[in-house]
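J.: In case you want the letters, here they are:
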Amino acid sequence: MSENNGTQESQDAPSWPLYEVFVRGKRGLNHVHVGSLHAADDRMALSNARDLYTRRNEGVSIWVVRSSNIAASSRDEKDAFFDPSADKVYRHPTFYDIPADIPHI
Amino acid sequence: MTDDHVYLALAEEHEGTDARWAFGTGFEDPLHGVDTDVPAGVDTVELAAACTALGDDALVSAQRLAEWCTNAPELEDEVALANIGLDLLGQARLLYTRAGQVDGTGRGEDDFAYLREASEFRNLRLAELPNGDFAFSVARLLVFSTWRLALFTQLAASSPDPVLSAIAAKAVKETTYHLRYAADWTVRLGDGTELSARKMGAAMEQVAVFLDEVCEAGAKSAVDAVALREAVIAQLRHVCDVATLVYPAPGQDPLRGRDGQHTEYLAPLIEELQSLARALPGAVW
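Here the protein sequences line up with chains A and B, keeping their order.
Going by the working numbering, 13 is the number at position 13 of the first sequence; the sequence numbering is gapless.
Going by the working numbering, 375 is the number at position 270 of the second sequence; the sequence numbering is gapless.
Keep in mind that the hints were calculated from the coordinates and are not lab data.
Any given hint could turn out to be false.
For lysine-lysine, the following DSS-like pairs were computed, each having C-alpha atoms within a straight-line distance of at most 30 Å [claimed, not checked]:
(1) K88(A) - K78(A)
(2) K88(A) - K275(B)
(3) K275(B) - K26(A)
Quick caveat, the model's predicted, so the values are computed rather than measured.
Can you build the whole structure from these sequences, using the hints too?
T.: The structure is reproduced here in structure tokens:
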């Protein structure tokens with residue numbers, strides 16, 4: 001039982017892959033990105049996500065996904081992707097009255 | 106889309122009171138609102154002793170798990186071990202409070218945790234051993250949570266004291282996760298590299314020395330001791346099988362923490378645990 005001799009060896013090992021964590025809160029309707037963590041595989045990622053991101057009673061469901069599996073829009077394409085939508089007000093259906101008893105719109 | 110952030114719920118008002126989840130609920134009495142009458146025919150001395158011993162197991166284990174903070178191999182596991190420790194600390198609070206109610210002294214949770222000498226603690230010897238390496242802490246947590254889950258499952262179903270039964274039912278959920286965590290790591294290390302398998306195997310042999318003490322400890326908590334031992338051994342064998350580890354032969358440590366026979370490691374642990382409460386009597390946050 002030498003003192004924490006596991007620590008030294010793990011520092012030499014390559015670090016675990018990065019996972020992104022999505023939690024569905026009690027009030028929320030969809031899973032929301034809350035952060036990321038390191039884990040050796042999916043099962044450990046779920047355990048770690050439970051410990052890191054739901055320990056204050058935040059969630060009822062967790063998704064984890066390897067960060068490398070996420071395809072992301074690139075910063076270079078920002079203008080081409082998003083600017084064209086900035087001046088199309090007619091895409092906002094503002095002429096409807098939304099009934100008060102229709103939630104989540 | 107509104108109201109969809111998971112952290113917003115933390116700052117919500119809690120049933121019209123000022124107590125918000127994120128800031129602590131500030132309840133003085135952990136058994137507040139619970140019917141705490143003791144049913145007729147229940148031996149209060151035995152019940153208090155059982156609650157105290159289970160509380161001591163939880164408190165001492167929580168202290169050891171907290172020692173992993175800043176020392177665990179990975180940040181994620183540091184938080185996981187601390188979480189498990191906090192679950193156990195919560196169990197200790199409830200168990201001590203119940204012990205103080207039924208033993209006639211009116212002592213509160215702090216009296217049990219902070220104002221007893223190390224020699225008065227009745228925790229398992231296994232719980233007080235130093236953390237050792239990560240494999241040893243995992244092996245200890247595996248044995249401890251396997252036993253505790255089997256015990257609490259029985260107590261939840263059949264304890265003559267409804268309060269202890271309710272505490273056990275709450276603890277079953279927590280302990281199920283502790284066991285999952287410990288079993289996962291036992292399998293990872295046991296079925297991992299040659300080095301990790303060797304360390305995990307050595308750790309299992311070290312904790313097996315205390316297996317008899319652990320299995321016996323249930324007998325004093327008014328449960329079916331034979332069924333308890335069988336459940337513990339079957340679970341440990343299963344984990345060892347999956348982890349490709351040899352199931353270790355139970356050792357023959359004849360001393361019993363339940364009888365106040367402790368290792369040299371308990372007194373320093375209790376001293377550190379109680380240092381603040383002893384230096385500043387009655388201190389609160």
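J.: Holds or violated: K275(B) with K26(A), Cα cutoff 30 Å?
T.: Holds - the C-alpha atoms of K26(A) and K275(B) are around 20 Å apart, at most 30 Å.
J.: Can the restraint linking K88(A) and K78(A) be considered satisfied, given a maximum Cα separation of 30 Å?
T.: Holds, at roughly 17 Å.
J.: Would the hint linking K88(A) and K275(B) be met if the CA-CA limit is 30 Å?
T.: Violated, because 55 Å separates the two Cα atoms, which is more than 30 Å.
The structure is inconsistent with hint 2 alone, although it conforms to all the rest.
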